[in-house]
Amino acid sequence: MEALHKDSDAFDSILKSKLTDTSFDMAPDCPDASELAAFYDGALAPLERARMQGHLDSCARCQAMLAAMARADDDGDPELAPKRAFEWRRLLGFGLPAAAVAAIAIMVVVRTRSISQPPTNQLAMNSATAEAPALSAISAAPAAGGAEAPRPQGEPLASAESAKGGSAAFGNSPAPPAPPAAAPPANASASGSSMSTAAIGGVSRRRELAAATAPMAAAPSALILAEEATPSMQDSAHRPPNTTFTVESPDHLATWVIGPGGSIVKHTHRGRTFTQTSGVNVELLAASAPSPRTCWIVGRKGTLLRTRDGGGYWENVMSPTSEDIVHVRAADAHNAVIRTADGKSYATTDGGATWHLQ
Amino acid sequence: MNPTRAETTRDHPAAFRRAHARAIARLAKRGAAARWKLDDHALAVAVERGVRSAEVAEQDVDAFIDSLRADDLVLAAACSAGIGAAWTHLIETLRPRLYSAARAIASDETRGRELADSLWAELYGLEVREGRRRSLLTYYHGRSSLLTWIRAVLAQRHVDSLREASRRVPLDGTPEAAAPAEDDPVEPGRARYVEMVGRALDAALAELDPRERTRLAYYYWHQLSLKQIGRLMDEHESSVSRKLASTRDDLKTKVDRALGEHLSRDEIEMCYHFAAGDLRLDLARALTEAR
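Heads up: the protein sequence lines correspond to chains X and V, in order.
For the first sequence, our numbering gives the first residue as 1, with consecutive numbering after it.
For the second sequence, our numbering gives the first residue as 1, with consecutive numbering after it.
Isolated chain X (complex conformation):
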């Protein structure tokens, strides 16, 4: 059985290399962007659509273009995806039962975790919630499962297929395995929680997160990640200086990894990674991401940054202070509260145009 698996992995790699056509050979009569877009949006008449499908089967260029469009459409931002009628049909036919099963699974997982949570697992120096062990397991995950590569975009083939035995190899991604991340000495007791979270599909993203975090700072990231108990709000109070920290949107669609010297890396739930330009090189101390598109980051010397487009552009928000800002909590792009190192709190309701001392 083991030999078959190795064999299958090798075959998948061979298949991938054989199917990669970097010459982008094109067939005659390629459609223009307008037609491709209409095809993608399902706006072509049935006959036109069938003709387009026929063209796609013989045109590597158009296949590549549609694949690129699909990647852009799934960039982790639900606002970017056009709404379509057939998705409602899917929701009614397949999504609702699946959602019900998922909801039950999450309830079971949460319940199991709350029962099995050992008290010694409270690595966080501040008030860690039940999420903390799961986050600290991020660093441990690659070491435990380094042989399995996450599918860069999307998911492996359905688990039902894997269960059929003959197609078991299909569950593995054809992509080459991801380089193992440096595994800091995470506490062993986190593994139980890690498995619970894996059941709801969070391991791949965490591995990538850990892989990206590792080169950014040699700091004990397990401690830091464990400290980040509140997903959308980070506080620098208990963090060593110049270390990496993360902030995640409440819906888990986007995670920003913020490192020393103003470095920012964004991960989406689809496993995509973007290096972003903060425009500053001071130490950033805390962040709050109320949505996948909006994130506030604060730092030394009154540094106050905000993005409203998922990190494409980080703007300098007018700061009410030149003191170090150690904490930020934002409700959206307009409403936020910050706290300085000397304990002063300021609030804005207009995106930072005016601040009120609280």
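In case anyone wonders, no lab produced these hints; they're calculated from the structure.
Backbone N, C-alpha and C define an ideal beta-carbon position, used for all residues, glycine too.
Possibly wrong hints are sitting among the right ones.
Take a look, some chain X residues computed to stay more than 12 Å from chain V by CB distance [as the list claims (entries may be wrong)]:
# : residue
1 : Ser-319
2 : Glu-323
3 : Asp-324
4 : Ala-331
5 : Asn-335
6 : Asp-342
7 : Thr-348
8 : Thr-349
Covered by chain V, according to a simulated footprint, are these stretches of chain X (three or more residues, beta-carbon under 8 Å) [said to hold, decoys possible]:
#  : segment
9  : 32-40
10 : 60-67
11 : 273-279
12 : 297-311
Not everything, but these chain X residues come out facing chain V in the computed CB check (under 8 Å) [stated by the list, open to error]:
#  : residue
13 : Phe-11
14 : Leu-15
15 : Lys-16
16 : Lys-18
17 : Leu-19
18 : Ala-43
19 : Asp-57
20 : Ala-72
Given the coordinates of chain X, work out where chain V should sit on it, guided by the hints.
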């Protein structure tokens, strides 16, 4: 193509506008053209271009106009006409999305920004004809959402730049592929094994139905999710999964059988092992060169 084409209103702008004035007025209303103070003539010109591009039969023109994305087409027509308020709206609503899409398509922050900057400039209109800027938005016809069209244009630019790069031949004119395969002195027979796997797989792939090959390419090459593949191929993701698994197993069986005519089971496994390593190197080199 169509014998009556010369007689249709498409070739007579004034007649086109008269014949389809009601449908155009409905479109203007749906798209709130008054918001941008877009005149009927400018919208009619945009619609006419779309009708001509899609080669719509005369009797279907009104239904076609009713099916267009009114708000996006009106916005694009207003921007093309140089209406400032429309541009402000486009900048606020679409620009961040354009940059986000470009980053996702290029998978690289810098390249994505270049791609987006270049397209944004063309949307604004770099080319000036008869004292007026010609915006790329004039090529948007409203059959898809404006955002999808922008993604399509970005994808086209990106893929064509990769295609162009892959065609570049080294200056010395000796493509690396022409070099004879050298055998590995440490693992004799390696080159032969790799070649055998490659040949067997090529033969098996050649027997595939084009649609099966497309599905495999989306999965293995483009690494799309099952859901994404399903959407592009009009299949449910569970069907995609089942068909992919079946095709892959068929291919494996055929390659096994072809290799089994000359090699033992152990040798076949060695073939796969060598080929996986060597072809992965080839792929990495090909992709690097393509960039």
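Hints, verified against the model:
Non-interface status of Ser-319(X) relative to chain V is upheld: no Cβ of that chain comes within 12 Å, the nearest being about 23 Å off. Every CB of chain V lies more than 12 Å from the CB of Glu-323(X), the least distance being 31 Å, so the non-interface label holds. No beta-carbon of chain V comes within 12 Å of the beta-carbon of Asp-324(X); the shortest separation is about 28 Å. Residue-level check passed: Ala-331(X) sits 20 Å from the nearest beta carbon of chain V, beyond 12 Å.
Against chain V, the non-interface label of Asn-335(X) holds: every CB pair exceeds 12 Å, the least being about 20 Å. The non-interface label for Asp-342(X) is consistent with chain V: the shortest C-beta to C-beta separation is roughly 35 Å, beyond 12 Å. Chain V leaves Thr-348(X) outside its interface by the beta-carbon criterion, the shortest separation being 20 Å against a cut-off of 12 Å. Residue-level check passed: Thr-349(X) sits 20 Å from the nearest beta carbon of chain V, beyond 12 Å.
Judged by the Cβ-Cβ criterion of 8 Å, the segment 32-40 of chain X is covered by chain V as claimed, because 8 of its residues qualify and three suffice. Remark: the segment 60-67 of chain X is confirmed as covered by chain V, as 7 of its residues place a Cβ nearer than 8 Å to a Cβ of that chain, reaching the required three. For the segment 273-279 of chain X, the proposed coverage by chain V is satisfied: 4 residues have a C-beta within less than 8 Å of a C-beta in that chain, meeting the threshold of three. With 3 residues bearing a CB less than 8 Å from a CB of chain V, the segment 297-311 of chain X meets the requirement of three and the coverage assertion stands.
With a cut of 8 Å, the hint placing Phe-11(X) at the interface with chain V holds, because the nearest CB-to-CB distance is about 5 Å. Hint status for Leu-15(X) relative to chain V: holds, with the closest Cβ pair at about 6 Å, below 8 Å. With a cut of 8 Å, the hint placing Lys-16(X) at the interface with chain V holds, because the nearest CB-to-CB distance is about 4 Å. Residue-level restraint check for Lys-18(X) holds (minimum Cβ-Cβ distance to chain V is 5 Å; threshold 8 Å).
Satisfaction of the interface hint for Leu-19(X) is found here, the shortest Cβ-Cβ separation to chain V being roughly 5 Å, below the 8 Å cut-off. Checking Ala-43(X) against chain V: minimum C-beta separation of about 5 Å stays under 8 Å; hint holds. At about 4 Å, the closest approach between the beta carbon of Asp-57(X) and any beta carbon in chain V falls short of 8 Å, and the interface hint on this residue holds. For Ala-72(X), the interface hint holds, the least distance from its beta-carbon to any beta-carbon of chain V being 4 Å, beneath 8 Å.
When held up to the earlier numbered hints, the structure conflicts with none and fits them all.
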